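Asker: Protein sequences appear in the order of chains V, Y and G.
If you use the UniProt record's numbering, the first sequence closes out at 346, no skipped numbers anywhere.
If you use the UniProt record's numbering, the second sequence closes out at 449, no skipped numbers anywhere.
If you use the UniProt record's numbering, the third sequence closes out at 331, no skipped numbers anywhere.
Source of the hints: derived by calculation from the structure; they are not laboratory data.
The model shown is predicted, which means the values in this text are computed figures rather than measured ones.
Keep in mind that a hint or two might mislead.
Computed from the model, here is a short list of chain V residues facing chain G with C-beta under 10 Å [as the list claims (entries may be wrong)]:
| hint | residue |
| --- | --- |
| 1 | MET114 |
| 2 | GLY259 |
| 3 | TYR265 |
Here are the simulated lysine to aspartate or glutamate pairs, EDC-like style, with alpha carbons at most 16 Å apart [stated by the list, open to error]:
| hint | chain 1 | residue 1 | chain 2 | residue 2 |
| --- | --- | --- | --- | --- |
| 4 | V | LYS312 | Y | ASP4 |
| 5 | V | LYS231 | V | ASP241 |
| 6 | Y | LYS175 | Y | GLU150 |
| 7 | Y | LYS16 | V | ASP260 |
| 8 | Y | LYS279 | G | ASP203 |
| 9 | V | LYS195 | G | GLU33 |
| 10 | V | LYS269 | Y | GLU49 |
| 11 | V | LYS269 | Y | GLU47 |
| 12 | G | LYS180 | Y | ASP15 |
| 13 | Y | LYS16 | G | ASP179 |
No residue lacks a Cβ here, since even glycine has one placed at the ideal position from N, Cα and C.
One-letter residues, chain by chain:
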Amino acid sequence: MTSKTKTRTRAKTASGPSKEEALRMYTQMVRIRTFEDNANQLYLSGKMQGLTHMYSGEEAVAVGICEALTDSDRITSTHRGHGHCVAKGANYKEMFCELLGKQEGYCRGKGGSMHIADQNHGNLGANAIVGGSMGIATGSALRAKLLGQDDVTVCFFGDGATAQGLLYEVMNMAALWKLPVIFACENNGYSEYTKTEEIAAGSITARAEAFGIEAFQVDGQDVLGVNELSKKLVARCRDGDGPFFLELLTYRYHGHHVGDINREYYRSKKEEADWKENRDPIIRFRAWLVEQGIAEESEIDALNAQIKQDAKEAVAYAEAAAYPGVEEVDMHVYAETDPATLRAGK
Amino acid sequence: MPLDVIMPALGMAQDKGVLLAWHKSPGDPVAEGDPLFEVETDKATMEVEAQGSGFLTDVTASAGDEIPVGQTVARISETAEDTGTTSGTAQDSPSDEETPTSDDHQASPAMPEGEQVIMPALGMAQDAGQIVAWRKAPGDAVTASDILFEVETDKSVVEVEAGHDGFVAALLAEKGEDAPVGHVIAIITREKPESPFQQSLSAAGKSPQPAEATKSAEPAPANKPAPASRKPAATPKAPGAAREGRILASPKARRLALERGLDLARLAENGYPQPYHVKDLDTLAQLPDAKTPALSGAAPSRYLSADVAAHGFDQFAAWAAEEAGLTNPGALLAGFAGVSLSHTGITVALETFGKTRLFEVRGRRLGSLVEVDPESGPAPDLKLRDLRFGHLNSLQTGPEEIPVLSVLAKGENLTLTLECAAEHLDASAAIALLSDFAGRLEQPLRHLL
Amino acid sequence: MREITLSQAVNEALVEEMRRDPTTFIIGEDVAEAGTPFKVLSGLVEEFGTSRVIDTPISEPGFVGIGVGAALTGARPIVDLMFGDFIYLVMDQLCNQAAKQHYMSGGKLSVPMVLRTNLGATRRSGAQHSQSLQALVAHIPGIKVALPSSAYEAKGLMKTAIRDNNPVVIIEDKLMYQDKAPVPEEEYLIPFGEANIKREGSDITLVATSSMVQVAEAAASILEKEGISAEVIDPRTIVPLDEKTLIESVKKTSRAIVIDEGHQNYGITGEIASRLNEKAFYYLDAPVLRMGAMDVPVPFSPVLEDLTVPTPEGVAENARRLCAGEMIHAA
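Chain V on its own, in the form it takes in the complex (with noise of 0.2 Å):
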């Protein structure tokens, strides 16, 4: 079997965004960077608490994909989920309600951080156990499948889930059953505070090109490559053509949690500065939107500091927002089951 490998390079102009979907993409990975400087400045200074991942370094890659879907498209997000959120359409404010825990968060300050969710625009929720996910996502496309639905769900996982053996019997079914579900692998290099390298043997592609799936291996830095590719396996999903495979290749700038702060026994220093300095994701797609004339440097700083506004306004909001009440405590823990239902016969 030959492989269906493809690795990706920088995508044509000819086929590139609109000028509005170009600004959009660049406008929706410096929300998710402010987001994170937010969050990580709240958690550093003791005002957010419990353990919370920054996305900073990956946002041409949730940017790239959810910006090829629609709001009835499904994900699902991983402990790392605040850039996946914001891709699929949060706003801030009920972000950092959820992220403080207050009761005007997206789950009512139930969640937190690892377990934040958007129904509203398909995000089915950030998951603290590492692969947790991958049955959901795949079980929301057989659902679509079978109700003769359209939308696409895609999973989104570390390279460290690829440990995962949930992983292999949902891509064989999904396989099996040609569901339309896409397997995001964000491969920042690093599982946790090991490299990457160290816990996988072989190629993380080729895991899912034993099942039959078509899987590529992409710039996880480059939203337009990322893009241009999500918007043809999305249409190609909804066509049945599904199950699809991505390897994103993409960098986290900080610590696996915050507080990880001392992590030169696993990579250095130096690769870090390499990555921010010669590789991001908003410098590339910054330098490019000027270069393409879509953009001018003083629009582009304009819009930046107009983001760093917004997040600033709904940080102090998020703090000064009520806490649930304690009567919420034991609310949610059984939904409710419509009696009427119940009865034989209906």
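Given chain V's structure and the hints, the job is docking chains Y and G onto it.
Answerer: Just chains Y and G, lined up with the frame of chain V:
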């Protein structure tokens, strides 16, 4: 706006860090990303970068300090001048203490400081009481003995006193709401409150219970319901209730009762509230033999007791002997007892040293007491046992054919008991009788007024 | 006596046992250079190398299964599960494979494996990183379960766990890693099935495990001021359980509250309360109360999360009411 420089959260199991060295001095210009200071954590060190540009000011921590995560250690200001405003404490940097419970953004009014009135424990199996009515409104003046509210419990309604003098500053439950026992439901302040208010329990539940930490474990005595005492005998239960179904008792109390040949049902018959525990067995053991009382065990009974100082009566008896020639203090007692029961036409049987004498009490005056022949006189309405010169210091013998008052000496005091069947006197009549009798013994001159 | 943190105590126990027995090794996620996220294993890889301190991929069923196989064939693996919540991921390997080997082989095979993991809420870690799941494993015959309540127990129980010939799940309280306690320099082991009477008392017995021992001790201090004398007992291992000590105590005090951070429904508290009920029934002067974590997924929001675990005030209040002869749960 100045930017706080904060001790960062450094690791999963870390709640503080040691500041090893500053890389900038107060007043130095700093640019975003400049290393500001070095921190030791997990046996490694790291540099903390400036989060913004400006001048380092208000440095509150020095090299070597161990600093909790989230604490402000300096500021980055627009000028090199110290603003002198940073407190260096968790004020701007909520750490664990602040986040969990504070509820700053709740719209509910601030809780006034004052005496707390709590929902009292009214019955053994009661963990909440329904507020039937508030008798005072927010802002009203109250004295400690004023009735503040009515509570429904065990199918009866109890009035509860305010317990404190002052003003009603806050009512924290609405009429009709169920308040858990021990829950603060009102606040009484010494000064007239500026903005007294009332809110529902559900609203109050959202704001922290005022001064949780200082709340005493047991309801303050002053808050106890006025008529209801937890002494079993003062609030005897109807026998029906006591005998309904099985007796509630702990396994250990049952086992020990069995071993000691005691019948727990008799506690119920005598009006002691259930469930029974080991400590109730002593009471049970002291109950008189069930067969002695003339009335059947099924009859409901009342048992009340009171203590009064003895000297008032002793002085009076001495005076009466000298001035009025009434040399029998027992007869004086009989007169007091008769008048306490009714103002006219009562016959009292006086038992002293095993002998019974009969007196007709025709009025309040000392002379209106007439001794009659026990054989031919009218049937007595009341029996009085004068046991002041014996060794007993308490007794409980169960109801007899007529109500029985006993007088026992107990140190400087007299202990008065009243026992009767429920059908003889209703609860309030029994309370009135004993209270009246006690009052007369304490201040005998009152008897003559 | 010197005081060390619970984290250091575990580390010392592992070092001592790994020096003692060359068939021991540690396997799990980020156990080597990272020394786990809680840094409990810092320094071990330097001494024992990556052949005995083995980093794995994020493959929990896989490395637990590997641990079972190694144990079955002559090694003594110490398997590190980063969070107690991941027990769900390894249930088959632990409960179907490890727990039953000795029995199924008629006593010919055994699985001398330690699974060390953690429990505990109020770290704001959300519903999937805050659970206390000891009841799940304690339910399965063939597995021993140890719940250290301080640095002293953490070291002594870990050493016993490693030498025990059965699968042992040892669950540390992740909020206690930095808590210090006196730990002797000289070697000691704590036998399984021996409860520790942390504090003697005569009015009520507080049986508490792991994180709840501190809560029970704080409650006992509150009660002492009110004239109620509470006995605090830490069973230290829930399988095997030192019933004798618990029952003797309850015979003396006639009252008991059982406190554990696992969910109250179908939990450790119910099991222990039931045994006291069965075996000390005629000595009970009050119902045995259970106090576990509230039966809800652990909420993230701090204001809600703090409501879900037993507190010293809550324990004291229940103790007070039991001693007063109140019917807490009126029929």
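Asker: Does each hint fit the structure? Answer for all of them.
Answerer: Going down the list of hints, with the structure as the test:
Taking 10 Å as the C-beta cut-off, the interface hint given for V:MET114 holds, the closest approach to chain G being about 5 Å. Among the interface hints, the one on V:GLY259 holds; its C-beta lies about 9 Å from the nearest C-beta in chain G, closer than the 10 Å criterion. Because the closest C-beta pair between V:TYR265 and chain G is about 5 Å apart, less than 10 Å, the hint holds. For the suggested pair V:LYS312 and Y:ASP4, the alpha carbons sit about 15 Å apart, so the restraint of at most 16 Å is met.
At roughly 13 Å between alpha-carbon atoms, V:LYS231 and V:ASP241 fall within 16 Å of each other, so this suggested pair holds. A hinted pair counts as satisfied when its Cα atoms are at most 16 Å apart, and Y:LYS175 with Y:GLU150 qualifies at roughly 9 Å. For the hint pairing Y:LYS16 with V:ASP260, the CA-to-CA distance comes to about 15 Å; that is within 16 Å, so the pair holds. The straight-line distance between the Cα atoms of Y:LYS279 and G:ASP203 is roughly 12 Å, inside the 16 Å bound, and the hint therefore holds.
Taking the CA atoms of V:LYS195 and G:GLU33, the gap is about 12 Å. The hint holds against a cut of 16 Å. Distance check on the hinted pair: V:LYS269 and Y:GLU49 sit about 14 Å apart at the alpha-carbon level, within 16 Å; holds. Pair hint V:LYS269 plus Y:GLU47 holds up; C-alpha atoms about 12 Å apart against a cutoff of 16 Å. Under the criterion of a C-alpha separation no larger than 16 Å, the hint pairing G:LYS180 with Y:ASP15 is consistent with the structure, at around 14 Å.
With a C-alpha separation of about 13 Å, the suggested pairing of Y:LYS16 with G:ASP179 holds against the 16 Å cut-off.
Hint compliance for this structure: no hint is broken.
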